[in-house]
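S.K.: Spelled out, the chains give:
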Amino acid sequence: MRQKNEAARRIFRILLLLAAFGPAFITARAMAAESNVLFSPPPEESIPQGGFGDLIRHGEKIFTRTAKYAGRYTGNRLSCESCHLDRGRKAYSAPLWGAYVLYPRYRKKNHKVNSLAERIQGCFRFSMNGSATPVDGRTIKSLIAYSFWMSRGAPVGVNLKGSRMVSLPKPEKAPDPLRGKKVYVARCALCHGLGGQGRVSRGEIAFPPVWGPGSYNKGAGFYKVAKLAGFIKMNMPLSKGTTLPDQMAWDVAAYIDSQPRPDKPAPK
Amino acid sequence: MRIAIVGPVLCSLLFSFVSIPLPARAESLMDWGKHIAEAGNGDPGNTACMECHRLKGGGMPSIGSPRIAGQTRQYIAREIREVQKGKRYGPVMAGVVENLSEHDIDAVALYYSRARTPKARETEPPSSARVALGKKIAHRGIWKKNIPACVQCHGVNGSGVPPLFPYIAGQNRTYLMRQLIAYAFLERKDDPQGLMRGIARRLSAGERKAVAEYFSSLNPPQANGR
Chain A
0 MRQKNEAARR
10 IFRILLLLAA
20 FGPAFITARA
30 MAAESNVLFS
40 PPPEESIPQG
50 GFGDLIRHGE
60 KIFTRTAKYA
70 GRYTGNRLSC
80 ESCHLDRGRK
90 AYSAPLWGAY
100 VLYPRYRKKN
110 HKVNSLAERI
120 QGCFRFSMNG
130 SATPVDGRTI
140 KSLIAYSFWM
150 SRGAPVGVNL
160 KGSRMVSLPK
170 PEKAPDPLRG
180 KKVYVARCAL
190 CHGLGGQGRV
200 SRGEIAFPPV
210 WGPGSYNKGA
220 GFYKVAKLAG
230 FIKMNMPLSK
240 GTTLPDQMAW
250 DVAAYIDSQP
260 RPDKPAPK
Chain B
0 MRIAIVGPVL
10 CSLLFSFVSI
20 PLPARAESLM
30 DWGKHIAEAG
40 NGDPGNTACM
50 ECHRLKGGGM
60 PSIGSPRIAG
70 QTRQYIAREI
80 REVQKGKRYG
90 PVMAGVVENL
100 SEHDIDAVAL
110 YYSRARTPKA
120 RETEPPSSAR
130 VALGKKIAHR
140 GIWKKNIPAC
150 VQCHGVNGSG
160 VPPLFPYIAG
170 QNRTYLMRQL
180 IAYAFLERKD
190 DPQGLMRGIA
200 RRLSAGERKA
210 VAEYFSSLNP
220 PQANGR
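Going down the list, the protein sequences come from chains A and B.
According to numbering that gives the first Met the number 0, the stretch in the first sequence is residues 0 to 267, in order.
According to numbering that gives the first Met the number 0, the stretch in the second sequence is residues 0 to 225, in order.
Derived by calculation from the structure, the hints in this document are not laboratory data.
Any given hint might turn out to be false.
Stated by the list, open to error - Pairs of lysine to aspartate or glutamate, EDC-like flavour, derived with a Cα cap of 20 Å:
#1 B/K144 to A/D85
#2 B/K135 to A/E43
#3 A/K181 to A/D245
What you are looking at is a predicted structure, and each value in this text was computed from that prediction instead of being measured.
The task is simple: from the sequences and hints, build the whole structure.
M.R.: Structure follows, in structure tokens:
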């Protein structure tokens, strides 16, 4: 009896120790793979004066009003900010401070090491359903200056928390467009429209079209259900990110990507 | 040349089909809407809308009754119904709209959606410091607190995203403040998915005041109601 008590007490003590220090071990291990603090990009007010600042500010304009400032290269009226929220600053929506320190990097998509400029060309061809902006042109130079400025102070070679999109764990049930449609009608259509057409305010896109001729084409990252599901989970409905259950995020992504949209352009 | 002739002919043909039955009905609905605005629907307890919203929908900044001229028909009708259901907090409105029928609501919503009037004068001039802070929140949001830019849902410079996101530019300050407070403290519950409740709650008292003051300092969209 006494021995039993002793054993129980010992187990209790071990449990206590684990409870106290367990989280520390876990955090320490996670730190190695991923930094645990969200990087804060520099405030807008810190954009310098002069030529460099002008380039950055022009990049920001292109970023938020792409059709207006880089309309030659866009095939729809989406802006960079349609997907990279808060002018490219928001964590978990592939922020520019995360992208800048991640490139150059190898991508399976085109089986080579890509520069950031080449990656941006991809955005224009697929998500904006347009054409590749010249690597040495003003559009890309400005966007790179804007990304460069925003990533100042971000460590290189570390997988920064929130620096890309989230990969959700595989869902319990296979993503189902029919279930997704119900979620879409209840939670998404208010802004994006029952027909996925988005909404306009004074001639400018207020809520981006999520399918149809005005949306991203089949070459875009969001045409992958997993990627879209991760974005939806973390960011949608706007201001209520992370409130949708994972399964709903998967289902609604499957529904959106099952709808018609422009084809993937032929390889260059 | 050919197109130049065929075009107008086709158009007038099309319009003659579409427009014959419409004007008669729309006009009578408009007339009834205007009547309600001016004198109420005749039921006891039904006050004329113009007592607080003015005949042209400019509202009254001094008592915080909102400007409604040019809000969309769908939006005005929806808000009246939400007050009737008790989901939209409106201690004064609740009594007034209680007896409005669906037809009355349709009519008065149509009338005010087509009304046009300049901005009513605010009771005090805005503080430039609050307007500056409000402008920043309005256009950039406070993402650290998960607050998107106001204009993201309320349209370019707050001019609204039809049909259901109202314009807030040129709306009076007291009204905007009251709504933000009503959302923040959960008295107003008619916002889809609680979007405004969450946002208003995360704004500090000073930030609520600043955005209200900023949007009230702008001009309302005259051509609204598209």
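S.K.: Would you mind marking each hint as holding or not holding in the structure?
M.R.: To see whether the hints hold, each was checked on the structure:
1. Straight-line distance between C-alpha atoms of B/K144 and A/D85 comes to about 12 Å, which keeps the hinted pair within the 20 Å bound.
2. Of the supplied pair hints, the one linking B/K135 and A/E43 holds, its CA atoms being roughly 11 Å apart against a limit of 20 Å.
3. Restraint check for A/K181 and A/D245: satisfied, since their Cα atoms lie roughly 15 Å apart, inside the 20 Å limit.
Of the numbered hints listed earlier, not one is contradicted by the structure.
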